[in-house]
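**Q** One-letter residues, chain by chain:
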Amino acid sequence: MDAAIREREGLAARLRRWLPALARGRRPEALPVTLDRNRVYIVPTRAGLGFGVLLATMLIGALNYQNNAALLLTCMLGATLASSMLLTWRELHDLTLRSLHADHGFCDARLPIHLAFADDRRARPGLHVALDDIEQPCPLRAGVSRATATAPTESRGWMPIPRLRFFSTLPFGLFRAWSWITPDQYVLVYPRILRDGQPPAHHDDPRERTTGGDEFAGLREYHVGDPIRHVAWKASARHDHLLVREFERAAPGQPLRFDWRDLPGLDRETRISRLAAWVCDAYAAARPWTLVLEDRRTLGPGSDAAHYHHCLTALAELP
Amino acid sequence: MKAPAIPLGTHGATEELAPPAFNLLCITVLCVLAAHAPHMPAWYTAILAAIVAARWWQRRHQRGRVSAWLRIGLLVAVPAAVIAVYGTPFGREPGAAIVCGLLVVKLLESERARDARMAIGFACFILMSALLFDQGLAFTIIVGLMLLPALATLRALEPGLPETEWWPAFRTGTALLGVSLPAALLGFLLIPRLATPLWGAQGNGEARTGMTDRMAPGDLHSLLTDNAVAMRIGFDGGVPPQKSQRYFRGMVLWSFDGRAWEPGAAARRPWRPAPLGVHDPLTRYDVTLLASHRHWMFALDMPVDAPEGAVMGPDHTLWSSKTIDQTVHYRVASAVDYQLAPERLDPRLRAAALALPDGFDPGARALAERWRNAAGNNDAAIVRDALALFHDGGFVYDLDAPPLDRNSIDDFLFNTKTGFCEHYASAFTFLMRAAGIPARVVVGYQGGYWNAFAHYLLIRQSDAHAWSEVWLAGRGWVRVDPTAAVSRVVLADTGGAASDVGGGNRSWWMPWQNRLDVINRWWGQTVVGFDALSQEHLFRPFGIERATAQMLGIALAIAVFLALGFGALLASLRPRHKPRDALAAAQLRLQKRLAHIGIVRGIGEGPRDFYRRTATELSDSAPTINRLAVEYLALRYALAEPPPERIRAFLRAVRNFHPRRVVK
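Residue numbers (this note's numbering), protein chains in the order written: chain A, 1 to 319; chain B, 1 to 664.
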């Protein structure tokens, strides 16, 4: 951590150095993790501090006017609001994060992270989770043990799952309990997709080929989104539903070729993003493709999901 | 890596108010208005409530604040209206009316969760201030229950509730309030009371109508229809005096100006009261007098001595040195059968007891003259004449007495002939004085309800009464109750419980109210009357004679600590996970045994994989493990309703399986 960042952290960082408890939970740890009482923190919210001042005023007023009914009411309100602290704390206490797994995601997009909690009969309707300070609700009904959160991504490659901050302000919003979990897990972030550039060199745009088509291949059922001009009206008249003409796609023997060297004059990250975009488009069009990387490593040809992920992984892992 | 902020964020504060939370906020504000309605002008309460309803209607159709001009207008109108009514914005009633108005203005601009939280805090404060006006048990409970909508609003501002319903929001607050009650009581007992107020709190007790120092025709009417408790009296030995003797004297009115009776100069002169000739054992009793904001202390008929902090006037009334702004307790001894100044009446008192204003009521004077001429020196005969007039002269007891003209006594005696105790006492005393018999009006309470269960006499404001005392040579001062002579009674339909005549209760629920007063008495003694002095004696059972504020503070700190610890313990109780069925129990047992020798089932490891791995690792018992695996998988997954005997067999097999680690 360089000096500039350290300076920006200011008070929070200094506090963390002085109070070891604040730093706890920063070390990555293996799941499952149970939030026991040592790692659930609780502080009053601003509203809670406001109510504290209010209660003090009420107390002084009741004492000054020697009005015992008012004092009793103040005590009742005070005890109730104070005990709400325990409910807030209970909202987190004993929560067990059993496992999590992240979907593959592209850089700059939100990465969905699926959280699996231990089966719990206790509902936690006010549970929130924050990843990199993006707060999102994550309510758990009784007997429900799964939730999904999203994490921001900043660069491609292996990214540690950001620290999860679970928090809740239930029931009255006067206290905020929170706890940190830093899972010892990484997720691969695929490169940024860059589509505004040129189409693959020496080759037709894969998207053009699918709409253009060359040879009539057969009929199939109409799906929403099919071009109207492909509807086989005469054939449809003999059936209950619409039929469209299907055209032969490009022959499997002629895979598209995406080569690192096809993109001269661009910086490294832009090249990677462009290649990733081509791979995505080809996969979406179900056209086989071959990817040639910087070090002449050649992937493919292929057109299935495994090949798609293989290519994107390779691109993401490029130094 | 970014520096994570310490989470003190404003999550949720700027969210828009959802309809359930807003509805609950409106209910809370209406509750606050209801709590203050008894002492605000009815039109003011009605207008504020109408504004709340209009705001609710407006936001139902279109979200957004009410226009700023309207809010500013209201902000000006509220204090203006209050000043117009009360003449000043300061003081208890005007202050309460202003804060109620401000709360409604706050509702008009409440659009976000933050506004709603502020409004709720404000509402809680105003609810508490309602108790400055009345700290009776029933009202305290009602105000306490009004905390529930406030708590429900706070709950509804948080997530996790159905979008459209608002009543589930009540659940948490109600449960928490119930659970917190012991802690609240502990706090109530231990919070050190102030011996002296920090700032001026004089006259800030409860507002209560009570007896005034003046009695004009019709003045007592509001008192006679007021069911508020005036005082409670416990008698030594637990036996009350006979019903006909339950006259509690408060003040003696000497001076008559033609319209109203007032104590006059004689009542407050530092003359020594005449000695009392007592015939029977004294009646000793304890009085709990509720705040009356006057100096009068009431005592059964003729007290022999003044209690501490009071002096006895020349007419044997008790005068407290301070106004009675808090409930007071005192102990008095009284004589019921007595002789007071039988031989000689102090000439100064005689003069005061015969004074009549000139130029009033010629008819009454003439009547008294006729009686005097007929009776000669026999004063007692004149008294009898007057009582006979009330009994047979067509007089009616009626709380709805018509107004009287300038010669009020003549108008009453010869014209309206309708009135209640004060009319009769006034006219009777006037007639006696006109006939030359020293007489005075006494105002106090008469009757009361004897609670046989808790052994105390309950006196309500509606037991207020006025009667006369006349001085007869040889007998001294004698009590005469002219109202009792009236034979015709018209029951008032004012719902009051005036026992002015013969102690008859007037509504069907009054007996129940009287019986339930035990609870009110308990409340008044233990809660409302729990002051710095009672708190000092709090630790007496533990051998500490005088508890200091410091001790109380330490005890309070310990109590808070213990309560929090106990609460945390309760909150951290986790529901025990029991295996749901015998098969799962058997499987868990097997896993436990295997874990013991180092084969732990991984997370996400299916049973088939787990058994296969176990069989590989424990090659010696592989056949047994495979048999168990087949049986388990069949029972768990193949059969919808596995036969129980097969499960039992599996359980037996697991029990008999003792895996042993193979040392390689």
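Simulated from the structure, these hints should not be mistaken for lab results. For glycine and all other residues, C-beta sits at the position ideal for the given N, C-alpha and C. Where hints are given, some of them may not hold.
Unchecked claim - Simulated coverage check for chain B against chain A, where a stretch passes if three residues somewhere in it have a Cβ under 8 angstroms from a Cβ of chain A:
no., segment
1, 128-134
2, 137-144
3, 179-188
4, 300-314
**Q** Could you run down the list of hints and mark each one as holding or not?
**A** Going through the hints against the structure:
For the segment 128-134 of chain B, the stated coverage by chain A holds: 4 residues have a C-beta nearer than 8 angstroms to a C-beta of that chain, and at least 3 were required. For the segment 137-144 of chain B, the proposed coverage by chain A is satisfied: 4 residues have a C-beta within less than 8 angstroms of a C-beta in that chain, meeting the threshold of three. Residue count for the segment 179-188 of chain B with a Cβ under 8 angstroms from a Cβ of chain A: 8. That meets the three needed, and the coverage hint holds. Coverage of the segment 300-314 of chain B by chain A is violated [criterion: at least 3 residues with CB-CB distance below 8 angstroms; count 0].
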